[in-house]
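Those protein sequences? They're chains A and B, same order as listed.
Counting from 1, position 230 in the first sequence corresponds to residue 230 in our numbering; the numbering is continuous, with no gaps.
Counting from 1, position 170 in the second sequence corresponds to residue 170 in our numbering; the numbering is continuous, with no gaps.
These aren't lab readings, by the way, just hints derived from the structure by calculation.
The beta carbon of each residue, even a glycine, is placed where N, CA and C say it ideally should be.
Hints are not guaranteed to be accurate.
Said to hold, decoys possible - Just a few of them, taken from the derived set where beta-carbon distance is under 7 angstroms, the chain A residues facing chain B: (1) Trp21; (2) Ile33; (3) Trp123.
Stated by the list, open to error - Take a look, some chain A residues computed to stay more than 12 angstroms from chain B by CB distance: (4) Val42; (5) Ala48; (6) Leu62; (7) Gly141; (8) Asn152; (9) Asp153; (10) Asn174; (11) Pro204; (12) Leu277.
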Amino acid sequence: MIAKPAQRLTLFLLLAPAILWLGLLIVLPHVEILVLSFSERVAPRVYAFGVGNYLEFFTEPLYWRTFARTAFMSILVTALTLVLAFPIALYIARVAQGRLKAMLLLLCLLPFWVSELVRTLGWMILLRETGVVSYVLRSIGLSSQPVELLYNDGAVILGLVYGGLLFMIVPLANALESLEPAVVEAGYDLGGSRWTVLRRIVIPHAMPGIVAGCIIVFMLTVGNFATPVLLGGKNGLWFTEQIYAQFITRFNWPQGAAFGMLLLLLSSAIVWLGLRLTGQSLGTTLKQA
Amino acid sequence: MNRPSLTWKLYIGAFYLFLFAPLLVVAVFAFNASPFPSPPWRGFTLEWFTGSGSIAGKPGVLVDPIWLESIGNSFRVAIPVALLAVLLGTVNAWVLERAEFRGKTFVAMMMLWPLVIPGVVLGISILAFFSRVANGLEDWLQTDLDFLRPGLPLVVLGQLSFILTIATLIIAARLRKFDRSLEEAAFDLGASRARVLRTVTLPFLKPALIGAGLVALLMSFENFNTTLMLVGSVAPLPITMYGQMREGASPAINAVSLLLMLGVGGIASVFALTSKAER
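Only chain B is shown next, with the shape it has when bound in the complex (with noise of 0.2 angstroms):
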């Protein structure tokens, strides 16, 4: 076997073309002079990302405040899914790696389940739940309480529910690595515990903490099925593109994915420097 026939070699060529071609043809098009995003090639414009909206009609992404507002919301629900996954995800990796008590494997299993649910699922589960509190509360405390209702707040819950799972299994993984003694020595040349966490622990953790947060902002930024379910009337990025995807081709969506791709790269390049320097 350890020599390919040409089929297979072949076969491989091919494949790594399909699996570039989509994302190929939306980068290429979101230069294309053409009101909509296909052939043939009419010149190469930027008109899609700085435009003033005078030649293209519509604006470019970059001015346009559409897709500018998208991006904020999606900021605003990324970055404390981030905070949070990374903060409780340490918690739990200190439960799952350092404590002992009985029902441990239970609840390390029950940390994993929230993966294997379909994402839909979490959403419409956590909406009607979310939904029956709001509406015990209000009758009871007489107030509106908005943040339960479909909104970013919701979409925070929501997603965290499971990328808290992933941040989890993240740190747990480089908590396991760790080794005790040089925090028994740090104890012995006399340090206080918090001491201990704060100049031994956590600088050890440090490149799991950074890589689960970055995964975590990913995965909150480009999270459509759980999400779908619990906004209101502001719309996270996936929200608006699949809006905007359902009413017709423009080459701003282009424009708008090659950003997202270009971010994600440069968010995948910091994660891989980080793993790598955690060898």
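Chain A with its partners taken away, still in its complex shape (with noise of 0.2 angstroms):
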């Protein structure tokens, strides 16, 4: 095709706002922060070219035991919420029909328009010393004194899964949602189990679903700030928290920036992983979600 000069200029010029964008927002600040996390201040406000701030990160077992335990509790968070909303994806999409379906969809959709902080907030009312659950637990007299239920792994692990459990329903109750009842039921009279039915027919149907759900509930926990770091107060130790105490708290910027890209490495590694693993491509997951 061989554009009149009028045509390129018209191009051109929708094309300006996209390039400025990506390319003033997301294409040069991240060569910057590549370039800033391989140097190394020589002297004072004189820096030279190193690998020194990858080297701290191996080094400092504080560095790299919270980088591990952020992406191992990441993944466990991950497996939690699937293990979760599926039984309630599967009601959604398979058994709720009409009014009752739209609702429960809804309901599900609603907690979600809502801050992350406030559903936070919900949860520390809910699980410190003096909270809710405590109060419960000491009038029903399953316990005499109050219970801290917060600033523990397991607080830090409900908290994220309940924040993830949306991007993991949606995408499911969609993949669900155009098996055909017919072959569900061949299964049946095949001599299937339920079991047998969920394992063999259900799962493997629901599995663009379930890989792009881990995907987005992944990113979003690696990424996750308040959450961790509220709920699980001094033992929360999650790897952004690290990336913001260089930044701001110490000023390191190099190493700061080697934070940022060891984070987004993980990030998009296991996304990788994920897709290869289960033959997906990058493209039909993000049309699922």
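Need the complex rebuilt from these two chains, each delivered in its own frame; the hints are there to steer you.
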């Protein structure tokens, strides 16, 4: 296609906002932290190329342990979210009909329109030593003293699973929606038990939704900041907190940039791995979501 | 599978209770006449909303300058973000749906990219990049360029970096459904390009433009991760809430959260109504 000059000008004008946006707000800033992460301070206000920031990450146990912990707990949270969300999505997609179905889905969406901080505040009020759960346990006689349920890994996992549920339910329900009832019935007619039908027919059919949901939940969890910090307190130890500490508290930007690159790498690597293991492509996955 | 077992139904019930429990306690304890948002119930009060501070020690959120300023700051960020997202998102949608050029698939993929970058990383990368630009320009121009330093203008840019993707997707989805013969008919009837855009295409896109604007407004208002990295001394609402939550519990935070929930509920219902009108 040979474009006339006027058409080329139009195209250029249409593309200009996208180029400015992606160039100035995405590509160049990422180049900047990549370069920054490989610079070392050799004298006051003098920087040179070096891998010191990455070496520091591997030699300081606090850093790599927090990193490994964040990765491991995020995988755990993703798996838990999947297990908890699956029966709900199955119910919404296959059992509920008409208005009930629309209402159940809408009720799922509502809490997630509300700020993450408000939801976290709710969990703090429920779980803290003077909180609602502790109060209820005491008044029904299950405990004689106030129980502290906040500031431990359980609370962090609970908060993160809660935050991820919607992003799992919607892609799962979308994927399950297209399953033909006849196929499920055929499974039963051929003598399959409930479990066999679930394992051999329903789950394979839902696979694109499972992958999409897991990827989104994992990314949101790994990149979360407020939930682990507020529900975990000093025991939260999330990697995003280390990035914040280096950038804002210690003003050690090259170190923080190296941490940022590592977080980006972790999140991309798990997404890639998830897609490879299940043979899905990013395009269909994002469409599913 | 069409007859759900009792266990399954009970699980569904328990799940929805789990889903709403945190929001419910936030709302309930905004009205408790106690200095801490915790049981027991000490009676109903509106002190945390409109109180003068004589009883509670702190003024209610509707008269407390800290909260009012934060809400104002959030609007000062959210309105430019929403306007820019709709304006630029429409142009981007046009590129995706109407333009033909080499490398279009690449541009389309790049536009999705911001969604897979953690918010914290978006924040620090924009902070670092604009600081370098500011340092360079200040040496060259010999003036202070405060808008490139942490502060509300930088928060606008940081939030726009990923909200623009979402606005683009919403508007592009609507543009894809547009029947182009309507435009052709208007051209045949002698309308100019600008007039066709104004009287045919844009009215068709209107629900998506409003929807994208509302979603952008909401996402900007509630964004925490990216904003945290880019704020200076002037804090939008989520940053103030976070600071107060770290300092200690107070029903004033519940009160402001309840207001936020009501605001979000209002926007969400407008959004639901416009998307219903679209169908």
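Verification of the hints:
1. Trp21: Cβ of tryptophan 21 of chain A sits 6 angstroms from chain B, so the hint holds.
2. Ile33: Nearest chain B Cβ about 5 angstroms off; hint holds.
3. Trp123: Result: holds, 5 angstroms to nearest chain B Cβ.
4. Val42: Valine 42 of chain A clear of chain B: closest Cβ-Cβ about 19 angstroms, beyond 12 angstroms.
5. Ala48: holds (17 angstroms)
6. Leu62: Non-interface label stands for leucine 62 of chain A: nearest chain B Cβ at 18 angstroms, farther than 12 angstroms.
7. Gly141: holds (16 angstroms)
8. Asn152: holds (17 angstroms)
9. Asp153: With a cut-off of 12 angstroms, aspartate 153 of chain A remains clear of chain B, as the shortest Cβ separation is near 19 angstroms.
10. Asn174: holds (15 angstroms)
11. Pro204: Its Cβ never comes within 12 angstroms of chain B, the nearest being 15 angstroms, so this holds.
12. Leu277: Check passes; 18 angstroms lies beyond 12 angstroms.
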